[in-house]
Amino acid sequence: MRLGKDGSSGGGERVPHLAPGCDPASLSLTPAEGYLLSRIDGNTPLSLLRQIAALPAADVDRTLERWVKEGVLVWDKPGARPAPQASAPPTSTPPSAPRPAAPAPGIDPSLDLSVEMQQRVIDFEACLDRPYHEILGVALDADAKAIKSAYFGLSKQFHPDRYFRRNLGPYAARVERIFKKVLEAYELLSDPATRVEVQRGLGAEAPPAPASPAAPAAKAASAAPAGAPPPDPAAARRLRARLSSLGRHHRAQQERRLKAKGFFESGMAAFKKERWLEAAGSVRLAIAFDPDNESYRSAFSDVQRKAHEERARALLKEADGAFELSDYKDALRLYEEALHYRAFDAELSHKTGRLAWKLGADLRKAKEYAMAACELAPDNALYHRTLGQIYKAAGLAANAKRELQTALRLDPKDVEARQELRAL
Amino acid sequence: MSRVIGIDLGTTNSCVAIIENAQPSVIPNAGGYKTTPSMFAVTQDGKRLVGHLAKRQAITNARNTVYASKRLIGRRFEDAEVQKCIELCPYGIVRGQNDDPRIEVGGKAFTCTEIASIILREMKRVAEEYLGEPVQEAVITVPAYFNDPQRQCTKDAGRIAGLEVLRIINEPTAAALAYGFGKKTDEKVAVYDLGGGTFDISILEMSQGVIEVLATAGNTFLGGEDFDRRVVNWLIEHFAESDGIDLRGDAMALQRLKDAAEKAKCDLSQREVVEINLPFIASDGNGPRHLSIELSRETLEGLVHDIVADTLKTVERCMGDAGLSSKDVDQVILVGGQTRMPMVQQAVADYFGKRPHKGVNPDEVVAVGASIQGEALTSEEQNLLLLDVTPLSLGIATFGGHFAKLIERNTTVPVRKAHIFTTTRDNQTAVKIRVLQGESETAAENDLLGEFVLTGIRRAPKGEPEIEVSFDIDANGIVSVSARDLETGKEQSITVNATGTLDEGEIQQIIEEHELYEVQAKG
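Here the protein sequences line up with chains A and B, keeping their order.
Here the first sequence stands for residues 0 to 423, numbered as in numbering that gives the first Met the number 0.
Here the second sequence stands for residues 0 to 522, numbered as in numbering that gives the first Met the number 0.
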């Protein structure tokens with residue numbers, strides 16, 4: 000399908016809308032593309048999209064065309080969707096029923112794929128968010144044979160080799176996407192290890208069954224008929240993301256867990272030896288390899304705190320060194336970075352603010368740092384004096400006066416504050 | 000529309016088949032043989048010979064006769080297997096400009112892709128003569144354990160031969176297709192394929208007209224030629240002992256030994272003892288020497304029993320991958336000439352606890368399967384669907400030289416898999432994604448398919464950035480890999496263009512050369 004060819008009868012504004020069943024989360028998009036996709040609501044016409052997207056108009060066109068090709072979008076005209084032949088049944092008719100007189104949106108009779116099959120693809124895509132056993136069309140407790148039989152049956156319909164060299168237009172990518180999903184469902188359900196996870200996932204995330212509140216949740220889940228209400232799609236997606244990274248082979252998962260354990264142990268060893276940075280790095284890797292392990296996460300907060308302290312110390316040392324070498328710009332950058340880890344350090348805040356002010360850098364930032372110092376240590380005359388001086392430099396005389404007076408009240412012998420105040 | 004042929008491009012013999020009137024049939028060559036030796040020779044006067052003609056003159060022209068070049072295709076010159084060949088082959092093997100092994104015959108260094116193309120062209124010609132019409136499309140088989148470069152070289156060879164290669168499929172898979180063709184039963188099938196140069200084992204399940212590859216394993220450097228080599232070495236040792244002459248340096252003697260060994264081996268499948276007679280095999284100060292010795296089936300079995308035992312280890316691993324035990328298999332199919340050896344048949348029967356299936360011809364079944372897949376892809380009927388798998392694991396190199404597999408071997412294609420990775424150094428702003436193929440835990444021991452760099456990662460402590468790496472394999476086996484920084488959305492990707500050992504320019508050049516040669520040959 001190409002731009003311009005699709006406005007089925009020409010004229011009017013063309014409006015893209017999401018293809019039924021398309022899961023935008025499965026696409027890989029740049030932020031700009033993500034934004035553009037988020038603006039597509041089935042009402043916003045192309046001309047408006049060109050104006051509001053964070054992309055040049057030509058890029059908008061190109062991106063939309065690509066999405067149409069990939070089967071993400073279909074073109075439509077506003078008001079055209081209720082078919083002109085108003086007596087035709089709605090487009091959600093099951094595939095077995097007689098076809099409506101006007102082709103449903105996205106159906107293109109010129110393709111080398113029967114209209115029935117196109118409808119089947121659209122319908123099937125709409126179900127890809129459902130639990131795995133529903134994708135395969137089997138009961139939750141189906142045996143291996145039934146699962147394989149369902150998988151083979153669907154493969155015959157959706158394996159891309161079925162359509163070798165045929166012109167499927169946007170359906171080529173959609174058929175392949177369906178097959179990959181069917182394969183994923185089959186892999187996860189046919190391996191007893193991953194299947195348990197799938198069932199547990201459904202059990203944990205399905206709403207409690209109101210009909211039999213006494214039944215234990217796990218039992219209710221495993222006995223739930225195929226027609227049970229599907230769990231929250233977002234939760235299902237989360238589960239699927241987790242399971243697909245589990246992959247077919249449980250062994251791979253165990254290997255990762257083992258690796259995670261190794262990292263965690265070396266992290267803890269480093270922690271005991273007070274090599275905090277190393278410890279934090281290792282524990283972080285452990286979490287990366289085994290994100291579900293709560294004990295790694297809880298240990299991480301301790302390790303991270305220590306690591307932050309160490310990092311801050313290192314940064315401060317470096318900053319002081321830079322300062323002594325009169326490399327003030329670098330010193331300021333390093334103090335700021337250290338402050339990121341030591342937000343509670345009044346002296347550091349003050350030092351950073353003062354340096355920022357002296358460098359004539361960003362006065363607002365300087366003020367923020369000095370204010371933070373004053374908040375952390377309200378009785379420190381020096382901090383108030385600095386804040387006053389910064390206000391003065393920024394031309395905020397009233398504020399400057401107030402801070403300098405506070406400084407003098409806290410330390411009446413502060414000559415510099417007095418002079419500054421007088422100068423005001 | 001022209002028809003699709005199936006070609007089994009074997010190490011020692013090749014075979015071509017086609018579907019006629021909904022039935023597969025093997026096409027005989029002009030001499031009436033259903034298989035053609037995968038041999039190529041350049042004669043003294045510069046004539047090029049292929050197949051039986053090349054084989055017939057091999058003894059008198061050993062240095063300029065190429066056989067078993069499939070063992071070299073898609074490999075690097077440094078590979079141990081290539082070095083082994085250099086030691087054993089009578090023809091010269093030199094380092095090509097792409098670090099590939101090239102075969103020197105008739106004063107010219109041929110790439111292995113080129114040699115394969117010459118044999119494919121011959122098979123194409125055989126089919127065209129039989130059909131009386133041009134043939135342009137083919138499905139070609141390769142050993143299951145061929146890696147991407149080896150497959151790509153085979154594909155390139157097809158192109159040079161003037162064929163559009165619709166699909167490269169695995170030999171054991173093809174054998175299973177041939178076995179399953181027209182069957183309505185549900186079965187689990189093991190295909191034990193011991194050919195001239197390679198060994199493959201595949202476990203497949205067939206039901207409802209769908210054939211699913213459950214697992215496949217093998218060794219690209221183990222086959223009937225190794226049996227021959229054992230016999231040749233035995234003969235050489237025997238002769239050195241009896242006559243005090245080392246035949247190793249004598250190319251012509253080696254070729255005679257090889258032929259005699261192969262013949263003796265084949266004869267021993269029918270008989271208990273054979274006599275090997277090679278008069279005038281050498282000469283020294285005392286005049287000509289003759290080699291004459293008896294070889295018994297028992298001695299032969301003693302020479303090769305460890306090779307057979309090795310194949311069963313591979314079978315065991317494959318069964319483990321398929322999650323089956325030997326009694327779950329309903330049918331065992333033997334493929335490849337070497338499976339005619341009684342000891343091999345017995346070992347396989349013992350392992351699976353049942354006699355192998357007798358209904359297929361081990362030399363022809365692979366080509367038949369290839370033609371069936373060609374038909375399944377292109378015909379309107381489509382009553383057969385092959386769910387093929389990726390033969391080797393795919394993944395990326397990770398910190399410390401490890402190999403993180405994203406797609407395990409034997410995964411059905413098309414498929415998509417993703418995993419989150421992170422940085423290993425503080426403030427690391429770029430990661431290099433090295434795409435690897437192989438089974439070793441150590442990155443360096445796998446084949447590098449391609450690499451790219453993802454930049455612009457936020458400066459952060461190691462382990463904090465999240466980088467999603469995803470692998471996609473489409474139905475044609477084309478791999479694309481992308482890496483995405485989940486925080487910034489930055490993305491880099493490559494399509495792994497499986498590279499053979501030749502680039503596009505070199506392929507075009509060879510095609511032109513061949514056209515020129517064809518014109519000269521005709522003129």
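I should point out that these hints are in silico values taken from the structure, not numbers from a laboratory.
Please note: incorrect hints may appear among the correct ones.
[Stated by the list, open to error] Here are the simulated DMTMM-like pairs of lysine to aspartate or glutamate, each with C-alpha atoms no more than 20 angstroms apart in a straight line:
1. 144/A with 186/B
2. 144/A with 185/B
3. 258/A with 463/B
[Said to hold, decoys possible] In silico negatives: residues of chain B with every beta carbon more than 12 angstroms from chain A:
4. 52
5. 89
6. 146
7. 204
8. 211
9. 305
10. 413
11. 441
Keep in mind it's a predicted model, so treat the numbers as computed, not measured.
A virtual CB, placed ideally from N, CA and C, is assigned to each residue, including glycine.
Exercise for review: Starting from the hint list further up, note which numbers the structure goes against and sort them upward.
Suggested key: The structure conflicts with hints 7, 8 and 10, although it agrees with all the remaining ones.
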